[in-house]
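K.L.:
Single-letter residue listing:
There are 4 protein chains.
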Amino acid sequence: MEKKIKVLVWNEFRHEKQNEKIKKIYPDGMHAVISKHLNSQGDIKASLACLDEPEHGLTEKVLEQTDVLIWWGHGAHHEVKDEIVARVHRRVLEGMGIVCLHSAHFSKIFKVLMGTSCVLNWRDGGKERIWTIEPSHPIAEGIPEYFELPETEMYGERFDIPTPEKVIFISWYPGGEVFRSGCVWERGHGRIFYFSPGHETFPIYYDKNILKIITNGVRWAAPRIIKKQECKNVPPIEK
Amino acid sequence: MEKKIKVLVWNEFRHEKQNEKIKKIYPDGMHAVISKHLNSQGDIKASLACLDEPEHGLTEKVLEQTDVLIWWGHGAHHEVKDEIVARVHRRVLEGMGIVCLHSAHFSKIFKVLMGTSCVLNWRDGGKERIWTIEPSHPIAEGIPEYFELPETEMYGERFDIPTPEKVIFISWYPGGEVFRSGCVWERGHGRIFYFSPGHETFPIYYDKNILKIITNGVRWAAPRIIKKQECKNVPPIEK
Amino acid sequence: MEKKIKVLVWNEFRHEKQNEKIKKIYPDGMHAVISKHLNSQGDIKASLACLDEPEHGLTEKVLEQTDVLIWWGHGAHHEVKDEIVARVHRRVLEGMGIVCLHSAHFSKIFKVLMGTSCVLNWRDGGKERIWTIEPSHPIAEGIPEYFELPETEMYGERFDIPTPEKVIFISWYPGGEVFRSGCVWERGHGRIFYFSPGHETFPIYYDKNILKIITNGVRWAAPRIIKKQECKNVPPIEK
Amino acid sequence: MEKKIKVLVWNEFRHEKQNEKIKKIYPDGMHAVISKHLNSQGDIKASLACLDEPEHGLTEKVLEQTDVLIWWGHGAHHEVKDEIVARVHRRVLEGMGIVCLHSAHFSKIFKVLMGTSCVLNWRDGGKERIWTIEPSHPIAEGIPEYFELPETEMYGERFDIPTPEKVIFISWYPGGEVFRSGCVWERGHGRIFYFSPGHETFPIYYDKNILKIITNGVRWAAPRIIKKQECKNVPPIEK
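Protein chains in written order, with this note's numbering: chain A, 24 to 262; chain B, 24 to 262; chain C, 24 to 262; chain D, 24 to 262.
Here are the computed distance ranges between Cβ atoms for each label pair: (1) B/ILE248 - A/LYS84: 40 to 48 Å; (2) A/ALA109 - C/GLU25: 46 to 54 Å; (3) D/GLU261 - C/GLY98: 23 to 31 Å; (4) B/GLU78 - A/LYS47: 47 to 55 Å; (5) A/GLU253 - B/PRO50: 32 to 40 Å; (6) B/VAL257 - A/PRO226: 18 to 26 Å; (7) D/LYS255 - C/GLU25: 44 to 52 Å; (8) A/GLN64 - C/GLU253: 51 to 59 Å; (9) B/GLU168 - A/PRO173: 55 to 63 Å; (10) A/PRO167 - D/GLY165: 32 to 40 Å.
Calculated from the structure, these hints are not laboratory results. For every residue, glycine included, the Cβ atom is placed at its ideal position computed from N, Cα and C.
Start from the sequences and build out the full structure, keeping to the hints where you can.
P.N.:
Written as structure tokens, this is what we have:
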């Protein structure tokens with residue numbers, strides 16, 4: 024029997040409690056919708072965590088049992104404790120995968136992994152068309168040449184990120200903008216997937232292409248190895 | 024008249040005061056030797072700064088007048104204040120170049136820019152042969168196919184860094200190791216050059232190839248633009 | 024006195040002779056317009072060559088005296104002789120820069136340098152908005168956050184190219200497409216810049232942003248070194 | 024039941040017939056040894072092809088049924104017909120993986136995929152130590168921090184290749200050289216792995232680490248999609 028990929032879907036989980044419109048779309052939180060889909064796949068075992076749990080639900084023990092962390096945050100990035108960010112960071116460098124969604128472009132953990140400001144241009148509302156630039160990348164598996172979201176938050180260039188190892192998706196907006204909406208990097212032994220769609224006021228995490236991409240992202244980001252990063256004083260091999 | 028490149032050579036500057044052997048090699052500090060060479064070039068104006076100055080010599084005003092920062096640190100990385108690191112980081116993202124030398128692989132600023140652990144294997148002493156992998160890169164200008172340092176500190180793989188945009192130099196050691204000893208990245212609008220040779224107990228910063236490479240690195244890392252990184256809420260362009 | 028960059032602007036130069044509309048826009052050919060602009064810069068000396076000259080105007084001697092080659096071809100890619108392509112290719116690997124414009128995405132020389140099919144989606148007519156993704160890249164110097172061309176040929180993704188070392192521009196079209204319209208690579212010691220705007224039926228090579236980008240591209244692609252590529256049987260350095 | 028990866032191990036297969044020493048090491052050819060190991064894995068079905076078969080054993084039909092092609096060539100690169108190279112090339116761009124071994128650095132197919140001269144420095148004989156630079160890459164799965172080959176052909180830098188997407192292995196030689204010995208790229212929808220060890224006069228393809236790396240390479244290079252590359256004239260999506 025193949026081992027399942029253990030995913031932890033982390034959500035700030037404030038908007039869904041504080042805003043009636045959002046609560047209607049996601050009564051149990053965006054993370055619950057994503058997690059439910061992942062658990063229906065057979066090869067993934069997803070759990071939930073959120074900001075207001077002790078240690079934000081990200082204890083050492085929980086991270087040790089996590090293969091891929093999904094991160095959604097927005098208004099409370101600054102409430103995430105630095106020592107927890109450092110812990111998650113260390114775990115990514117050891118091999119845990121991470122999928123950062125939408126406004127997580129401004130989360131502490133994403134900025135720490137990128138080393139850049141991660142600024143972008145933005146605007147509420149309107150359509151988004153997502154082009155598949157690398158159809159052979161595992162994250163694009165089963166995704167058409169392009170697909171559309173009827174309502175989205177526009178995220179536009181320039182996006183201040185390190186040159187991605189692959190740009191898998193580029194988005195088009197009727198307002199005239201473009202965006203590198205799906206990008207991947209590796210840091211340490213861990214893989215990072217940033218995917219921009221997912222504004223909390225629209226039912227984006229019910230879209231079948233979006234769910235497929237997140238699922239693909241999880242499979243792609245699953246650890247190849249888990250290994251501590253150590254500085255070693257070594258004797259010569261050759262005498 | 025062409026404007027000179029303004030370089031700030033930053034040094035921890037402790038070893039040279041505390042260790043007699045090192046003091047003999049670098050009586051005024053390693054930064055003074057590097058700075059002197061840069062100032063002899065005609066197109067560069069270099070100044071000095073060190074850890075024990077107020078704000079580590081890295082005030083807002085000083086950074087605003089710096090095109091390229093050279094960084095050497097070793098035993099006191101932890102004494103560099105986080106707010107100063109954040110200030111330097113922001114300035115790199117705005118366009119200032121940075122050249123990180125030798126044990127600066129473990130400096131806060133380099134780790135923050137890389138987003139990785141920057142660990143490596145190491146050992147004191149022995150020869151190093153530096154191979155030029157990208158002879159057409161501006162940083163390799165005038166450097167032979169390979170050159171040697173009679174005494175060095177071995178830095179060996181695996182070096183935990185993001186995949187470099189270019190690996191310019193790879194080092195060979197008689198003990199049996201290899202190392203990506205000269206690598207470049209861009210973060211925000213700034214350019215980063217890491218160059219590994221430069222242990223404090225050997226007169227490496229008097230070597231003409233080493234000085235040439237650092238000079239080339241400074242020219243390459245000089246800002247193309249200086250521009251703040253801002254997240255902007257923008258109206259649609261198309262109606 | 025600084026040496027000028029020697030540029031050869033190569034044009035298929037058939038459309039301008041065969042089509043009245045195009046002849047009106049470019050009576051002496053697109054290459055003449057580009058060349059005139061480059062020659063007005065002071066630091067560049069541009070000459071012309073075209074398909075119907077002996078050896079397509081690309082003799083060994085001419086190439087030896089060329090720092091950067093600009094290439095525009097369209098309907099007659101197949102008429103370019105393979106041995107001339109091999110000669111240009113070799114010269115790029117030795118260090119000559121090359122700027123491939125618009126339909127040169129399907130030229131033999133571009134395909135040989137890329138190793139891919141270079142296919143894309145296309146359609147005549149409509150507006151194009153070009154976003155500057157890497158404002159600090161030398162090729163983007165002086166170019167605004169975005170600019171527009173009122174009439175263009177749409178080139179859309181997926182563009183089958185190797186992952187670019189930098190994507191400098193991404194284009195937006197009202198028809199709903201996106202395109203990585205300005206990309207760079209290095210091959211051997213030579214630098215390659217592909218820039219997609221430039222359909223022959225519109226006066227695109229009179230646009231000041233387009234001319235600025237091509238000029239920047241020439242300066243960026245100018246050789247750092249010129250060096251033959253040789254396979255060498257070498258004795259050991261260490262005994 | 025999972026589908027097996029269909030591998031075609033292509034060998035020039037001349038040395039093994041013409042040289043007594045080599046015939047002793049590889050009586051049925053190097054490809055037979057590699058193929059036998061792959062077939063022992065359970066998830067791979069490997070077959071053989073060689074230069075002297077009709078169409079070099081690389082008919083359209085054979086290629087259509089190949090997931091990953093392994094290539095070993097040396098003295099007779101020039102005898103491989105250009106139209107067969109073009110056929111293999113097209114197939115890689117459509118998604119077939121390719122693993123190029125040792126002197127295949129100078130094969131037509133590898134050079135066509137790279138777009139560079141692929142020159143390097145070389146010398147017969149001596150030890151090689153192979154360092155694992157990216158231990159978390161699937162191709163490094165199960166491979167130690169470093170391993171050694173007692174007798175090898177030295178391949179040294181500078182190796183004229185496009186900047187690899189990942190350098191997985193770097194080799195060290197007692198003669199004083201270094202080499203990027205395991206590198207990967209993508210072209211079109213296909214994946215390319217170049218791995219330098221494998222001189223015909225030494226029993227390198229019996230080494231367990233080498234066999235493990237080739238097996239890993241095959242699994243990594245197996246197609247994600249198979250899709251023709253087409254230039255399409257498309258109508259606007261938005262009206």
